[in-house]
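There are 2 protein chains.
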Amino acid sequence: MADHYPPDAKTYPTTERTRVRRSPKRGSHAHADVHAILDASPLCHVGYVIDGAPYVTPTLHWREGDHVYWHGSSASRFLRAAEDMPVCLTCSIIDGYVLARSAFNHSVNYRSAMVFGTARLVDDVEEKTDALRHLIEDLFPDRWDSLRPMTKQEVKATSVMRMKIDEASAKIRNGPPGDMDEADHPVWAGVLPIESRLVSPQPAPGLRDGMELPQSLADLIQSGRLR
Amino acid sequence: MADHYPPDAKTYPTTERTRVRRSPKRGSHAHADVHAILDASPLCHVGYVIDGAPYVTPTLHWREGDHVYWHGSSASRFLRAAEDMPVCLTCSIIDGYVLARSAFNHSVNYRSAMVFGTARLVDDVEEKTDALRHLIEDLFPDRWDSLRPMTKQEVKATSVMRMKIDEASAKIRNGPPGDMDEADHPVWAGVLPIESRLVSPQPAPGLRDGMELPQSLADLIQSGRLR
Ligand SMILES: Cc1cc2nc3c(=O)[nH]c(=O)nc-3n(C[C@H](O)[C@H](O)[C@H](O)COP(=O)(O)OP(=O)(O)OC[C@H]3O[C@@H](n4cnc5c(N)ncnc54)[C@H](O)[C@@H]3O)c2cc1C
Ligand SMILES: Cc1cc2nc3c(=O)[nH]c(=O)nc-3n(C[C@H](O)[C@H](O)[C@H](O)COP(=O)(O)OP(=O)(O)OC[C@H]3O[C@@H](n4cnc5c(N)ncnc54)[C@H](O)[C@@H]3O)c2cc1C
Ligand code: HEM
Ligand code: HEM
Numbered sequence: 001m002a003d004h005y006p007p008d009a010k011t012y013p014t015t016e017r018t019r020v021r022r023s024p025k026r027g028s029h030a031h032a033d034v035h036a037i038l039d040a041s042p043l044c045h046v047g048y049v050i051d052g053a054p055y056v057t058p059t060l061h062w063r064e065g066d067h068v069y070w071h072g073s074s075a076s077r078f079l080r081a082a083e084d085m086p087v088c089l090t091c092s093i094i095d096g097y098v099l100a101r102s103a104f105n106h107s108v109n110y111r112s113a114m115v116f117g118t119a120r121l122v123d124d125v126e127e128k129t130d131a132l133r134h135l136i137e138d139l140f141p142d143r144w145d146s147l148r149p150m151t152k153q154e155v156k157a158t159s160v161m162r163m164k165i166d167e168a169s170a171k172i173r174n175g176p177p178g179d180m181d182e183a184d185h186p187v188w189a190g191v192l193p194i195e196s197r198l199v200s201p202q203p204a205p206g207l208r209d210g211m212e213l214p215q216s217l218a219d220l221i222q223s224g225r226l227r
Numbered sequence: 001m002a003d004h005y006p007p008d009a010k011t012y013p014t015t016e017r018t019r020v021r022r023s024p025k026r027g028s029h030a031h032a033d034v035h036a037i038l039d040a041s042p043l044c045h046v047g048y049v050i051d052g053a054p055y056v057t058p059t060l061h062w063r064e065g066d067h068v069y070w071h072g073s074s075a076s077r078f079l080r081a082a083e084d085m086p087v088c089l090t091c092s093i094i095d096g097y098v099l100a101r102s103a104f105n106h107s108v109n110y111r112s113a114m115v116f117g118t119a120r121l122v123d124d125v126e127e128k129t130d131a132l133r134h135l136i137e138d139l140f141p142d143r144w145d146s147l148r149p150m151t152k153q154e155v156k157a158t159s160v161m162r163m164k165i166d167e168a169s170a171k172i173r174n175g176p177p178g179d180m181d182e183a184d185h186p187v188w189a190g191v192l193p194i195e196s197r198l199v200s201p202q203p204a205p206g207l208r209d210g211m212e213l214p215q216s217l218a219d220l221i222q223s224g225r226l227r
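Quick mapping for you: the protein sequence lines, in order, are chains A and B.
For the first sequence, position 147 (counting from the first letter as 1) is numbered 147 according to the UniProt record's numbering, and the numbering increases by one without interruption.
For the second sequence, position 208 (counting from the first letter as 1) is numbered 208 according to the UniProt record's numbering, and the numbering increases by one without interruption.
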């Protein structure tokens, strides 16, 4: 994949850790590929180690440049355990089932990014507030200013983690099954695409009179994207 | 959640590792909850440790009783690194965005399961074949018998991992934002549900004449489920 980019395109280093060995043609270290996957899905899985054992916690993430962010309670075990520690943050999207003529050649179409770095707590109150504004605005453009303003206690109760992406890889599969040589075998083959999308909004009970769905949210739903 | 079950319902033990501390009311250790989430999504994230550092690899999983399975290349680093090692396998489904009147009260509706155990390689060829048949049949009922039969080399090239679930938890959020006390603030609030579904099938190029989509796949697409 990386060879689709001009030679001066930005890439993360290909290290012993992130060299894609299995199906390397599906791999890339280009910023463009890694970032597109991180941006497409709001959900990631953060891997960290406590007492030598692995933990994987699902959480929302967002990105600014070559940093990823996530947030939670200041008392959260998962945020505290990751602070100043090596983290693997993985973001995956399943795009479809690939049905081949043989069991062996079945697959899925997917896009995934694995990013590695050291998680840091965002200490500074202004930086933290700014990061949380990003979280909201990246998901729901123009929403921040219409919200009831954040209180000091709320900022204090919240931790934001920031991680510079030291190493990263993307891996992408798409297209039909790779078993044209067996096309004669009498069974249906092809792709069952999977779509994840926003559907009809459900207004909160007790919603104040006259509060229509803002155009920016209607546009988001319409777009077929999750953000 | 667990209190919705009769006292004799099967549960995984609540240990220091899996006691849900943040929003404990959203947590459960009931087999019924953990298994329903594992079964609803084919995709999980497997966490394992190499040289003290965490890795999170996306993969397909399936379940039989209180065991989870996954598969890949016999040469895969991710399968080899997990063998006989502690693993955390997490399966998450994002069901919608929850938009509140304050930034702080935003959330997502979700279902997730974290399961812990020690991964074992399935050595026995018959057991391995049987497990792979399960992988296919759990996704695509009635497909196995219509496929070109597996070869010995294919079985050899494939590793299947099995993990007894020693400890597990489920966590579920659903419903509207929890900020009724601020319902007066003039901003739209509510839930933007997210749906993941199979859409129009794409027959493989070169598909043999007369190969119609089998009824079982049409039913699966129609069901709105992913398996
Ligand atoms: C789609 C999605 C998005 C999320 N987004 C965020 C977010 O942006 N910020 C945030 O703070 N949290 C988010 N969560 C919740 C997050 O996964 C954790 O539950 C939460 O952060 C508390 O983590 P903790 O380690 O402090 O919990 P603790 O309660 O200390 O964890 C103790 C034990 O509880 C169990 N447990 C904890 N979380 C889960 C879980 N999700 N599923 C199953 N078992 C669990 C595990 O056994 C764990 O070992 C999200 C979850 C999902 C599924
Ligand atoms: C939705 C989905 C479903 C999948 N299902 C399966 C399955 O059922 N069985 C299976 O074997 N594999 C599956 N994969 C692929 C899987 O994630 C691994 O790529 C594959 O198993 C090879 O793992 P490895 O550790 O041996 O790879 P290696 O090539 O040895 O890994 C070396 C490095 O390559 C990079 N890399 C590897 N995999 C990925 C990835 N997925 N995304 C980004 N970077 C990566 C990382 O930097 C990693 O450290 C799936 C992937 C996705 C996204
Ligand atoms: C009997 C059934 C199956 C066998 C024997 C089998 C075998 C294998 C093997 C050997 C690999 C490793 C490929 C590599 O890394 O070089 C692999 C990877 C994979 N398999 Fe299967 N598989 C089977 C069924 C399925 C099914 C039903 C699906 C999904 C519908 C599937 C999806 C995948 C995916 C997504 C990968 C990862 C490929 C990649 O790294 O891009 N497999 N399988
Ligand atoms: C300024 C913005 C935000 C602040 C200050 C904030 C604060 C917090 C805090 C303190 C927690 C920990 C709750 C706990 O574990 O007790 C948390 C958890 C969470 N937040 Fe946010 N949040 C913000 C925005 C958002 C947004 C925009 C979303 C999604 C749309 C979101 C989704 C979540 C989710 C899903 C959890 C996990 C709750 C659980 O464990 O069930 N947050 N947030």
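Calculated directly from the structure, the hints in this document are not laboratory data.
Quick caveat, the model's predicted, so the values are computed rather than measured.
A virtual CB, placed ideally from N, CA and C, is assigned to each residue, including glycine.
Check before you lean on any hint, since a few could be wrong.
Covered by chain A, per the in silico footprint, the following chain B stretches (three or more residues, Cβ under 8 Å) [as the list claims (entries may be wrong)]:
1) 24 to 30
2) 47 to 55
3) 159 to 168
4) 210 to 221
Under the rule of at most 27 Å between Cα atoms (straight-line distance), these lysine-lysine pairs were calculated in the BS3-like manner [to be verified]:
5) 156(A) to 152(B)
6) 25(B) to 25(A)
7) 128(B) to 152(B)
8) 128(A) to 156(A)
Numbers of the earlier hints that this structure fails to satisfy, in rising order: 1, 3, 5 and 6
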